[in-house]
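Colleague: Next come the chains, spelled out residue by residue.
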Amino acid sequence: MDGVMDGASDTGVLHASELLAFAEAVVAFDTPLISRTRDALLDAMGEDAMVDAAAVIAGFNGITRIADATGIPLEDTKAEQSANWRNTLGIDRFAATKS
Amino acid sequence: MPIRPDILEAQTRAWTAIGHPGGWWAGAERVAIAAETRHAASCALCAARAKALSPSMVGGDHATLGSLPGAAIEAIHRIRTDSGRLGENWFRRLLTDGLDEEHYVELVSVVAITVAIDTFRSAVGLDALPLPVVHAGTPERRRPVGIRHNLAWVGTLAPEDVGPDDPDLYLTRRDPSLRSGANIQRALSLVPPAMMQWWDMLEIMYMPGPWMRDFTREYRAVSHAQIEMLAARVSALNLCIY
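Each protein sequence line maps, in turn, to chains A and B. If you use the working numbering, the first sequence closes out at 786, no skipped numbers anywhere. If you use the working numbering, the second sequence closes out at 244, no skipped numbers anywhere.
Hint data in this document are derived by calculation from the structure and do not stem from the laboratory. Computed from a predicted structure; not experimentally measured.
According to the in silico footprint, chain B covers these stretches of chain A (three or more CB under 8 Å from chain B): (1) 706-719; (2) 732-738; (3) 753-760.
All residues carry an ideal CB built from backbone N, CA and C; glycine is no exception.
Generate coordinates for the entire structure from the input sequences, incorporating the hints supplied.
Modeller: Below you can see the structure in the form of structure tokens.
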């Protein structure tokens with residue numbers, strides 16, 4: 688889980704380092720870095736996986752904006768289920784930045 | 003490079019729809035929102051605010067293409083460049099400045115669609131699409147009767163409040179298992195066409211609900227675990243709690 692927050696720690700997910708590096712480059716719209724990380728991901732996982740990864744990254748780059756722009760709350764059940772690791776990862780501190 | 007045809011088709015539908023009249027904005031205005039979304043990425047004020055401890059510490063004017071009201075420009079730019087730090091006070095100021103919640107929700111949908119499509123095309127090495135063709139016509143301007151203000155900053159339409167005159171935005175008439183009505187799905191429901199344009203595209207790019215919950219099978223070339231890791235990382239990068 689730390690890898691989700693810092694992009695570097697081991698997540699235990701296959702090809703995590705290539706996928707996470709690609710995601711960070713894409714979200715930053717860093718064209719040269721996108722190209723390098725896309726090539727690395729293609730080498731590791733192939734074209735279909737790269738395209739599907741790009742689609743997920745892009746979709747969540749949109750949906751996070753919808754969530755944050757409308758103020759929808761996390762459901763109570765999801766909040767309870769995730770309390771431990773949200774605390775561990777410090778996700779709840781994001782709320783303190785809002786104005 | 004081969005790209006899943008359903009992704010390109012879904013994005014083409016959503017992109018084309020931006021050029022048509024929506025629930026509340028005219029086609030030309032919706033295209034202007036998409037254009038301004040792209041333009042916001044190079045706004046000096048937004049760049050300075052994103053680096054500041056608090057965006058309110060930085061004053062100035064947005065670099066804008068100039069065809070939309072000021073409150074809409076502020077909304078587009080902040081959602082595009084600093085959405086993780088949006089708060090309800092900021093949203094309420096937009097309403098005070100003349101942007102009603104119906105126009106706001108539809109604006110959010112267009113911004114999200116634009117960001118998602120541009121992000122995808124950038125990621126796979128394709129040029130950005132040209133802006134959609136503008137189609138004349140009048141927005142529907144129909145507010146669902148069952149809207150309630152009991153969930154989010156904006157009014158929402160819960161699945162149980164969808165009326166016979168409302169579109170089937172939760173797909174319950176087709177198959178009730180397709181859209182669960184989770185809070186994130188309700189976020190844009192104040193403007194059902196805006197909600198549907200977004201979710202019809204996203205479910206192709208991500209997964210429809212039943213696939214998301216079915217861990218007995220991998221439906222994409224990336225696994226459930228890889229997908230959720232990517233989703234979580236993008237959410238963290240965007241400071242999104244949900």
